[in-house]
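6 protein chains.
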Amino acid sequence: MITSIVLLDDFLRWLREDAPFGDYTTDILFEDDFETNAYIVAKSRGLLACVEDILNILTNFNIEVKDSKKSGELLNNGDIVARLRGPVKSVLMVERTVLNLLMYLSGVATTTRMFVEAVRKVNPNVKIAATRKIIPGLRYLVKKAVKIGGGDTHRFSLSDAVLIKDNHVRLVGSIRKAVELARRRASFIHKIEVEVSCAEEALEAALAGADVIMLDNVTPREVERCVDLLVEHNLRSRVIVEVSGGITLENVTDYAKAGPDIISTSQITMRPYIVDMSLEVEK
Amino acid sequence: MITSIVLLDDFLRWLREDAPFGDYTTDILFEDDFETNAYIVAKSRGLLACVEDILNILTNFNIEVKDSKKSGELLNNGDIVARLRGPVKSVLMVERTVLNLLMYLSGVATTTRMFVEAVRKVNPNVKIAATRKIIPGLRYLVKKAVKIGGGDTHRFSLSDAVLIKDNHVRLVGSIRKAVELARRRASFIHKIEVEVSCAEEALEAALAGADVIMLDNVTPREVERCVDLLVEHNLRSRVIVEVSGGITLENVTDYAKAGPDIISTSQITMRPYIVDMSLEVEK
Amino acid sequence: MITSIVLLDDFLRWLREDAPFGDYTTDILFEDDFETNAYIVAKSRGLLACVEDILNILTNFNIEVKDSKKSGELLNNGDIVARLRGPVKSVLMVERTVLNLLMYLSGVATTTRMFVEAVRKVNPNVKIAATRKIIPGLRYLVKKAVKIGGGDTHRFSLSDAVLIKDNHVRLVGSIRKAVELARRRASFIHKIEVEVSCAEEALEAALAGADVIMLDNVTPREVERCVDLLVEHNLRSRVIVEVSGGITLENVTDYAKAGPDIISTSQITMRPYIVDMSLEVEK
Amino acid sequence: MITSIVLLDDFLRWLREDAPFGDYTTDILFEDDFETNAYIVAKSRGLLACVEDILNILTNFNIEVKDSKKSGELLNNGDIVARLRGPVKSVLMVERTVLNLLMYLSGVATTTRMFVEAVRKVNPNVKIAATRKIIPGLRYLVKKAVKIGGGDTHRFSLSDAVLIKDNHVRLVGSIRKAVELARRRASFIHKIEVEVSCAEEALEAALAGADVIMLDNVTPREVERCVDLLVEHNLRSRVIVEVSGGITLENVTDYAKAGPDIISTSQITMRPYIVDMSLEVEK
Amino acid sequence: MITSIVLLDDFLRWLREDAPFGDYTTDILFEDDFETNAYIVAKSRGLLACVEDILNILTNFNIEVKDSKKSGELLNNGDIVARLRGPVKSVLMVERTVLNLLMYLSGVATTTRMFVEAVRKVNPNVKIAATRKIIPGLRYLVKKAVKIGGGDTHRFSLSDAVLIKDNHVRLVGSIRKAVELARRRASFIHKIEVEVSCAEEALEAALAGADVIMLDNVTPREVERCVDLLVEHNLRSRVIVEVSGGITLENVTDYAKAGPDIISTSQITMRPYIVDMSLEVEK
Amino acid sequence: MITSIVLLDDFLRWLREDAPFGDYTTDILFEDDFETNAYIVAKSRGLLACVEDILNILTNFNIEVKDSKKSGELLNNGDIVARLRGPVKSVLMVERTVLNLLMYLSGVATTTRMFVEAVRKVNPNVKIAATRKIIPGLRYLVKKAVKIGGGDTHRFSLSDAVLIKDNHVRLVGSIRKAVELARRRASFIHKIEVEVSCAEEALEAALAGADVIMLDNVTPREVERCVDLLVEHNLRSRVIVEVSGGITLENVTDYAKAGPDIISTSQITMRPYIVDMSLEVEK
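Chains as they are written, first to last, in numbering that gives the first Met the number 0: chain E, 0 to 282; chain G, 0 to 282; chain B, 0 to 282; chain Z, 0 to 282; chain P, 0 to 282; chain U, 0 to 282.
The shape of chain E in the complex, shown without the other chains (with noise of 0.2 Å):
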């Protein structure tokens, strides 16, 4: 997606949370011209992500990056994630950043592959999908770890959909009132999407002319209930079926095998397993 020079923003402004008046220790340690190599190596298994996006970065830094493994990559303990050279003080005031980036968005990504292989054995049709549930801060990496995880990206912001809501339809009054309002006011390009929560809700909102149908916090059995209501209409082929709510990598085949299109989850952005990894510098 965007290129690193427009996360170089984002990516200073960490490295002054976590060095505000540089990294300490090394500065008192080192000469600034003392060179050194060093490597990031994996310490757990995982899938590699957004490693072009973070490394790039880098050579701002006068550090140069070399046999650098792909976002994608399946990574074992022990494997070599990259090799820097440069200034001591840049390799080691960068480490915890480079670190903790590059273990949580991977993290994001082998989660996501965890559901999406989880359900591809009992449906090839559902597909995994992010939610909003993300720590403020740095989403654009996080949904693109989540599609290197086989993951769809799902809405990146308020401003790209529209996701009526329970809150919406409280306020409007019903869920019909709701869809036409939107398809009355909103861009012919955006689609919309309503949160329900059963079955006769969802068919409310297709008849009502929404793309897509959340159903929220319901049971497996709902979700099939909603599908067959939808096919006895004739409208399941016009309308997009997702389902969230308490999904967990446990119960996440009940609700795959109940037909809906899309499962979302925030388990692969909120809480996510972590990759862990180290930097090593090399005499």
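Each pair may be met inside one copy or between any two copies, as identical chains are not told apart.
Quick list of in silico lysine-lysine cross-link-like pairs, BS3-like style, CA-CA up to 30 Å:
#1 K176 - K69
#2 K176 - K120
#3 K65 - K164
#4 K282 - K132
#5 K126 - K69
#6 K282 - K69
#7 K256 - K120
Keep in mind that the hints were calculated from the coordinates and are not lab data.
Add chains G, B, Z, P and U to chain E, keeping to what the hints say.
Frame of chain E, contents of chains G, B, Z, P and U only:
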């Protein structure tokens, strides 16, 4: 720590991330002057954190906050965290950013508390500390959540203490040499900590004048050996012993029993339990 | 859309641009505590836009706003847009920035309205839409002004829909191939639009599964041919037809009569009529 | 003026506006390492402006620029403005931002040139000047485009000269009093200009010591009267006479004949002709 | 000049510099809701400057300001500058930033006043002016402090007047050529100043049309010679004579007696006397 | 400490301050592609500081830096600090910002060195330390300059150590109580310093467990008394003794003889001698 006005900067950036062109759905469904009541409700148990920092900001959006629980209060499923009143366009625009922050930060506090309670039972003198393994961008709030959970904030950044790690030692040549260099060059106001991998290195560091010793990736048995060796050399009271690396809720009591002063773990910041919350509007 | 607090950032940057070292003239002529009344008055006819977003910010400068007209109201030459009261140093410092914004944005709304009214007479089903040809830096406000003028905001940015343009097709090889790739890789939440140059390409795009077809730089006759071809293949109801390129107030009715769903034009954002306004202080 | 590195800041902000989550279409269609050639081509006649400032920035996106025309060169429909080579993801991500800037800024230069040429025929001593009626956010570039078009940049901001306007006079009490105050309090390095509405006020301002007199919203006949009155009082050579307000390409020659030194107009910045351009990739 | 809202940006950045993770000491000692009274007290004599700009910002931190002295008031050791009331965490967090600003800026005003008073005794027509030798980051406030001290602000920046220095002359070839070029190309609104090193060069500059002449690094005798030469050529009333370079409190009267219009010195901004102040809380 | 890339942000902001609309004089006199050689030359004696941080940034402006002296080198009047080559428009645009930084920061280093050398003669065990009395905005560079001058950087900010000052003690109730609170609540990684006003308070602080004691505004005799009292109670080796308040080059040796560990002074940062430099272009 820093009051909400300083966080405003961050909050606006996070909000732009979640709504670069506004909350499209809400914007097309409601008039500007449509006011609503709403409340934030806990959907799982946990320890509330940083709620003042985050909710104070909402006054900038014409949102009034009432009946807010305080940071440090325990939440049960169904508890009202706070009541809000303001323009529906403001309330729903900030909803996700506010919830993402509260859920993650309360999760950090909750998970810290779990570690703190675990060790308290076996060794009330041990403190649980955070590391710098934190998702970039919100470190100030995360460290604050750790404190709310009863943990020790440790270094805020690379700039507030000397921490000589294995990479530094490798390049300088020996622990002794590195500590001596640091003692000569560091400001009198900053402590000197050294990462070591066994009891003998700990002794070397202590003899060279380290204020704190961090045993990284060692067994509880090695921690004990280190403590004994320091006692033997009459150095135990002069150095603080920290243990780090691979600490989990499962093994933390074993480490606590071994008699260190500090146990630090990235589990509380990189993969905390999440305290689920949602925002509900009232008609 | 986003409330004024989020625009504050932009407004301060714009103000620094117009007054990097303050309003020098006013600073040397008046005392800090000299208050004045003033009003903004329309000097030409037009449709007022974004007045709330802009005037709300003035409270940050101790300027009280009264009797403000609302976005969407028609202005005649001589109409009072709003009355202000505050320190003369504040009022005159923000004057030009406020007027430049109101004049340009109201111009966008006014010009949009002219196109909307022109097509309404010949084809009430056609919508006028904006493009991304907008002077950088104030897109959120410009899109809002388009909406106020009765237009469709279309994509806010490159991130909120798939729009396969001629450049993409040239590099991928064919319209069909590009659409199929996009359908496989794009999120379910985003629509897929394709730019085409003739009726046959439109058919190819529709058959490949495009949601929206944009006829770029074609004659009204070609639009008709396209509509007919889609009807013939039973695809008219499934795809949205947009016309773009070279649309002016003079020829827009010809295009509207040809039966598309959307007519998009950069005229409303790149070279709108300007609604003249001035600020007058009262003794 | 300021070199491209200083604009980088602005450019990144504009790019985030157009691609908060990247160029979604291009990102899903192409691989990261897919390179392309492209060229920017003029689609209408005009005077090219600020091309160096804008295209220099592209090197930050790994885009190589070749065969670029220079600011100040005339463009004909079909002329190649510049050739680019780089990753397709970079080229298409920056496309719209680059074109929007070049089209608008070249439009400013072109429209300025039209006014300059119009007055040159009737009075070669008159200069065309810009005002501060400029869409906020890119004033530095707009003023530069005015200069490229042969215009006078006038005040860059409120901070670089004293300009006593009708609002100031109204509050101070009289033109004479305002000019005297300004002469006493302003720095020696800044000129003092006064806005007046007739020949008599111009005389009052000149006698009080104004360096520049701006006749605002007067007829060409009044300009003549003013010039005559100043000559009569032996003040013509000591004050610069500027005319402003309601100047168009149609009436500018009438004003030029009346003998002012400067004619300023917002037409060249608020509603310039646009120089159409597009970017075409080459297979 | 610019009101406090525009400075808020700067103040927050300065505060983050002094407290990237908050005021740690105060945070651990006190509760959030612990309020205190405090006062700022002068510890040396001086002229107070910019106190409104700085203290106005404190309302953003819930700090109430009372009994504040005004900019331009004389301070004696022990004088109360202002009384504050607010949360102790806010008061002590902003303390150092506020004091550093007030002490330095009041020092600038005080030192300016000393120069102003020194020259007033020997030549009441001479003005003391600031230069651009100012520690980066707070120029707006520094220039304001100069004005409060009775000085002339001179150019705010490189953008608000033409100042042809020796480096320009060296590259253009001659003073005459440089002035003529500038007169042809500069906007009518900006004055043209030329740096010269002797009376003859001053004459050359004046004859070429310079508005201001700056004698740089010359003796008082040379200033006199220059003034005489200009009188002799009937140019004295048409050009402003500035003297700069090596001016101190000791020699400034010698220069003043030589009859220039302006004496500029970096002493008032680069190494002003500091007005000592402290903040005391009241139990 | 932080490499130049992180300072780029600050430098661009400082440059915008000095040239919001570019270097107007140079822009109108020269063509874009006019290159020049130039050199920075010392006009007074001093210790060069931070030259790498500042000059490294110039490559971003196409300015090549050669033969640069290093931070820590002594300058004599007439010494070439560095040679530059690049577009005259870049070189002269950055000139003043670069010189202002180098002159002030080298001044800080030079003044620090003067204090360091003064105390070395009478007591080689005493260190000179900086305080937080620093003009806001460039603290990182100022602290670095202190280090280059041989000084101790002390706390970088409010966030990197506990320093209990008289205001804290007044509100908590007693020194003992404040120190005990801090010991209980502060992280193990941060030292605890206490400001006291006499020997007895120093003893109270030491007994309560303070790591560092700062005698504020006391006589050299009181410092001696304090040292003696601590020796008497066997605490001298366990606490660091800092003296602060009213220290000047004249009295610093008296304080040094009294036997503290640290003497801190704001003289080196708030009113350092300035090392004069200028930039000269070569034809």
